[in-house]
Amino acid sequence: MPHDGDARAAAPGLRAPGNGDSGPSRPTREPAARERVLAFAGVVLAAVYVRSEDGAELRRVEAAGLEPERYGLAGRVRVSTGSTGSAGSAVTGADDSAAGAGADSSASGPETDQGGPGTGPGGAGTDLRRAETDPGRAATGPGRAETGPGRAATGPGRTETGPGRTEAAPPPRVAGAGDGGAVVVEAYRGGRAVWVRGAVAGGREGGGGVSVPLGALPLGAAGGWLGCLVVVGEAGEGFGSEQREFLERYAEAVAGRLRGEADRSAPSPLLDSALRAMGVGSFALTPGTGLVETDPALLELVGIPEDGFDGKTDTLLSYSVPEDVPALMSVIEPSAQTPGRRELEFRIRRPTGELCWLRLGCRLLKAPDGAPQRVLGVVTAAPVLRRGASDVARIQWLTAALDDATTVRDVSRVVVAALREPLGADRVALAELLEDRLAVTVLDPPAAASWPELWRSEWRSEWPDAPVGALPTLQAALRDGRMSLWPAGAVLEPGLAGIGPGGLAVLPLPAKSRVAGVCLVGWDAPHEFAPEERALLTATAGLVGQALKRAHAYDAEQELATMLQRSLLPRRLPRLPGGTAVARYLPARRGLQVGGDWYDVIALSEGKVALVIGDVQGHSAGAATIMGQMRTAVRAYAVEGHPPDVVVAHANRLLVGMETDLFATCCYVELDMEEGNALFVRAGHLSPLVRHPDGGTEEIAVEGGLPLGVLAEADFPLTALALAPGSVLALVTDGLVESAELHLDEGMRLVREALAAADPADPGRMADELLGEAGRREDDVALLLLRYDGMRVRPVRAGWVVWRLPDAVMHARRFCARTLRSWDVVAEADTVLLVVSELVTNALVHTQGPVRVDLTLAADRLRVTVSDSSPRSPAKPVVVDWESTGGRGLFLVEALSTAWGSVPVGGGKQVWSEIVVSRPQPEPDPPKEAEPAPRAEPERERQSGWGLGWGISRNRDRNRERNRDRSRGRGPGRGRSEERGPR
Numbered sequence: 011m012p013h014d015g016d017a018r019a020a021a022p023g024l025r026a027p028g029n030g031d032s033g034p035s036r037p038t039r040e041p042a043a044r045e046r047v048l049a050f051a052g053v054v055l056a057a058v059y060v061r062s063e064d065g066a067e068l069r070r071v072e073a074a075g076l077e078p079e080r081y082g083l084a085g086r087v088r089v090s091t092g093s094t095g096s097a098g099s100a101v102t103g104a105d106d107s108a109a110g111a112g113a114d115s116s117a118s119g120p121e122t123d124q125g126g127p128g129t130g131p132g133g134a135g136t137d138l139r140r141a142e143t144d145p146g147r148a149a150t151g152p153g154r155a156e157t158g159p160g161r162a163a164t165g166p167g168r169t170e171t172g173p174g175r176t177e178a179a180p181p182p183r184v185a186g187a188g189d190g191g192a193v194v195v196e197a198y199r200g201g202r203a204v205w206v207r208g209a210v211a212g213g214r215e216g217g218g219g220v221s222v223p224l225g226a227l228p229l230g231a232a233g234g235w236l237g238c239l240v241v242v243g244e245a246g247e248g249f250g251s252e253q254r255e256f257l258e259r260y261a262e263a264v265a266g267r268l269r270g271e272a273d274r275s276a277p278s279p280l281l282d283s284a285l286r287a288m289g290v291g292s293f294a295l296t297p298g299t300g301l302v303e304t305d306p307a308l309l310e311l312v313g314i315p316e317d318g319f320d321g322k323t324d325t326l327l328s329y330s331v332p333e334d335v336p337a338l339m340s341v342i343e344p345s346a347q348t349p350g351r352r353e354l355e356f357r358i359r360r361p362t363g364e365l366c367w368l369r370l371g372c373r374l375l376k377a378p379d380g381a382p383q384r385v386l387g388v389v390t391a392a393p394v395l396r397r398g399a400s401d402v403a404r405i406q407w408l409t410a411a412l413d414d415a416t417t418v419r420d421v422s423r424v425v426v427a428a429l430r431e432p433l434g435a436d437r438v439a440l441a442e443l444l445e446d447r448l449a450v451t452v453l454d455p456p457a458a459a460s461w462p463e464l465w466r467s468e469w470r471s472e473w474p475d476a477p478v479g480a481l482p483t484l485q486a487a488l489r490d491g492r493m494s495l496w497p498a499g500a501v502l503e504p505g506l507a508g509i510g511p512g513g514l515a516v517l518p519l520p521a522k523s524r525v526a527g528v529c530l531v532g533w534d535a536p537h538e539f540a541p542e543e544r545a546l547l548t549a550t551a552g553l554v555g556q557a558l559k560r561a562h563a564y565d566a567e568q569e570l571a572t573m574l575q576r577s578l579l580p581r582r583l584p585r586l587p588g589g590t591a592v593a594r595y596l597p598a599r600r601g602l603q604v605g606g607d608w609y610d611v612i613a614l615s616e617g618k619v620a621l622v623i624g625d626v627q628g629h630s631a632g633a634a635t636i637m638g639q640m641r642t643a644v645r646a647y648a649v650e651g652h653p654p655d656v657v658v659a660h661a662n663r664l665l666v667g668m669e670t671d672l673f674a675t676c677c678y679v680e681l682d683m684e685e686g687n688a689l690f691v692r693a694g695h696l697s698p699l700v701r702h703p704d705g706g707t708e709e710i711a712v713e714g715g716l717p718l719g720v721l722a723e724a725d726f727p728l729t730a731l732a733l734a735p736g737s738v739l740a741l742v743t744d745g746l747v748e749s750a751e752l753h754l755d756e757g758m759r760l761v762r763e764a765l766a767a768a769d770p771a772d773p774g775r776m777a778d779e780l781l782g783e784a785g786r787r788e789d790d791v792a793l794l795l796l797r798y799d800g801m802r803v804r805p806v807r808a809g810w811v812v813w814r815l816p817d818a819v820m821h822a823r824r825f826c827a828r829t830l831r832s833w834d835v836v837a838e839a840d841t842v843l844l845v846v847s848e849l850v851t852n853a854l855v856h857t858q859g860p861v862r863v864d865l866t867l868a869a870d871r872l873r874v875t876v877s878d879s880s881p882r883s884p885a886k887p888v889v890v891d892w893e894s895t896g897g898r899g900l901f902l903v904e905a906l907s908t909a910w911g912s913v914p915v916g917g918g919k920q921v922w923s924e925i926v927v928s929r930p931q932p933e934p935d936p937p938k939e940a941e942p943a944p945r946a947e948p949e950r951e952r953q954s955g956w957g958l959g960w961g962i963s964r965n966r967d968r969n970r971e972r973n974r975d976r977s978r979g980r981g982p983g984r985g986r987s988e989e990r991g992p993r
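In my numbering, the protein residues as written are 11 to 993.
Hints listed in this document are in silico derivations from the structure and should not be mistaken for laboratory results.
Computed from a prediction, not measured in an experiment: that's the story for all the values here.
All residues carry an ideal CB built from backbone N, CA and C; glycine is no exception.
Don't take every hint at face value.
[What the hints assert, rightly or not] Cβ-Cβ distance ranges computed for the label pairs, FRET-style:
hint	residue 1	residue 2	range
1	858	583	17 to 25 angstroms
2	287	802	56 to 64 angstroms
3	378	512	56 to 64 angstroms
4	632	286	31 to 39 angstroms
5	615	363	53 to 61 angstroms
6	583	363	24 to 32 angstroms
7	313	572	25 to 33 angstroms
8	572	750	21 to 29 angstroms
9	524	417	17 to 25 angstroms
Using the sequences provided together with the hints, build the complete structure.
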């Protein structure tokens, strides 16, 4: 970038750099940034004076810019009268530079306003002499009355401002010889800023002098002044109101840094650290080059990484809102008619998507021919337009703030900020009109004790609902649609008593042809309503009414979107044996907050669970509709018992047949909670992540297929993985790991690091930590975690394939009886055998194909499952004749079971029954002979009296049939037993 050259020379206080290259500018560090800020404020010298330990004098501890002695600012200034000199005299110490020969040490100080601080003539070598800077004004002597065109001013003619305010005082006085120390003393003792219009600064050899402005600002607070900040302006220019306001804030920041110093007599550098504390960014540019010098503070305000800025003005402009670009271009490319100083407010869009207001102040340095030569400026954060004293500025601020407010809650916060503090109000309430009630949206202060008893009795949730019928004053105001102002002492109904005893403003909020709500502003102390304030309140009511109506429509739209999204996602996740599943969903923060991301946890039969996560293209109601259909389809195919690849293939063909332009990605996992074996299918989706018990993480290499809805005959291969107890499986969508500023690989790496650092003891907190900061999201996010703990007590299973033979039920009963004896289930054996008989009989009579019976014992629950090839669920008969011999089987099953039902599986269905069983406590080393002999089975059957539809002849022949089976062995035509238990 071209260097400053003469442009720097035109700005006193900026040192021109040496020759160098003209490459992209880099963010400059604190000294250069400080010089730019001081040059913008028109300051050629800034000096910090700190009170000594005994309070007798102020010592200069830091200075920036030109030499302080050039302007008669000594290293020490006495602030208390004593034998060695009067207040305001300069004291030169061994460690100070020469304060200027002949400095007047007999100045009388600021105690009298008649003659000013300096009364003696300037001696030889004096740097500060009295000057007259206003044309047409005559001066009759030090401290005499000054007259100008059309007015007379008496006294010293100074302007004094306290912290944060500016008073329209007489014009700044003229400083004379030796006035530097006296002005410092006056500001320190009076605790207010002192601005001197002109002091004569001469050369060290006593040459001709020029008039420069001088300012002294106290550091600290009333009763505890710590020192002064002294600033000297450029020759021929005074400090304007904007400069004074900036320098007063600078002094407050310096005082704040000074308070934190342990040794105030020798503090660390204050000027640079104060700028950092103020959050002020600075810039300098030469028109026509397209390059700009910045500092890290400015880049931080805009949201640009320090090492990612190329030094071009176009890069900065790219972050601004398009509507504000023309105003910024007038700063970057000024014309000869552009004024020397400008202030403007503009908006930027941070990389995160956040909209922020910034305030820019700039100073244009011109060449002798008037051509723009250099632009110096500062930028500070301003959440909204600065609130000024004028009504126009307040309305501008309110309009801009309401434009950014989207929800009713946002509008409420803006109203409180716009009315309570600027008007000095003690209470502000905003309420929507909903039929005959007022739904209060904000109360400030929010404490219930600050509001009437009627409101407290209606306090239902966060804010109360106030009935309009109980508030006739509000009812009349809402009916007329006109503002009502009640002065102090006005008699109001109990529902409004106490809101504004000193004054109450009732503002109906019009919105087109109706009233959207009402705003109440109350004062405790007596308050007079000035005409300007009435106009401001009227304008505010109109703006807030329109914003409230717009925000109410937005809230209704978002509520509808949220309800739609919640209805399409699972309301709760099932409790899983041997694991814990948690899920999170966050909508995108743009447009309609409804998207196509979904998740599901499906409890399958036989201790298996399916985890599903998917993403439908787009962010719209159409995408959400497709998402709901896909989630329903995947769940339906899964509960039918299809393997994972078949489930995804069916869902793919369904989406292709919908004739929609949208596609979807999906990741489906089937996990065996007993063994920890998982089967993965991935259709264009991100690979799942796993956190191992030792804390290590990895991305599971799952072979992928095409997204759903692209090709009807797409293949979706299976990938198997064994999970160890303590592992955490994470399924995510791309909204969590990818954005415009975040590459996918980097996002997956960050999620893996967060997954490794999180504590798996609390899966819910782990999910929250993976989501990270709740910033602006470009895409909706779905996250599904499952912590696999393993089964503490693994179920014991045994199965039997039932062949279609006349005695098939008998063999099924014998198999079950043997199994129950081996599991020590004795008391409930008869009940179980009866249920087995009924279920197997129904399967053999009413279905075709193979039949299988399975027994599962888990803790105190025994589950009997009979599988067949018919997809139809068994139905209980509506009417059963008392003479009929059938039709009572399902009634018996229902009566004997704790729970029973039917579930579809691949190729048929399963009818199951659960029975609570009691088992004896296991012995430490059970003897082998404890197992009962097989021949005991017929005895128990005879004792139980199996006469309900089974025939006595079958019970009589049991021993004979058993012996025949043992002599023949287990032939292939009698059935096959499959038992599985703990090894």
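Results of checking the hints against the structure:
A C-beta distance of roughly 38 angstroms is found between residue 858 and residue 583, which places it outside the suggested range of 17 to 25 angstroms. In this structure the hint that residue 287 and residue 802 lie 56 to 64 angstroms apart at CB holds, the actual value being about 58 angstroms. At roughly 60 angstroms, the beta-carbon separation of residue 378 and residue 512 lies within the given 56 to 64 angstroms, and the hint holds. At roughly 50 angstroms, the beta-carbon separation of residue 632 and residue 286 lies outside the given 31 to 39 angstroms, and the hint is violated.
For residue 615 and residue 363, the Cβ-Cβ distance of about 46 angstroms falls outside the hinted range of 53 to 61 angstroms, so the restraint is violated. For the pair residue 583 and residue 363, the supplied restraint of 24 to 32 angstroms holds, since their beta-carbon distance comes to about 31 angstroms. The hinted window of 25 to 33 angstroms between residue 313 and residue 572 holds, with their beta carbons roughly 29 angstroms apart. Checked against the hint of 21 to 29 angstroms, the C-beta distance between residue 572 and residue 750 comes to roughly 25 angstroms, which is consistent with it.
A beta carbon spacing of about 20 angstroms between residue 524 and residue 417 agrees with the range 17 to 25 angstroms that was offered as a hint.
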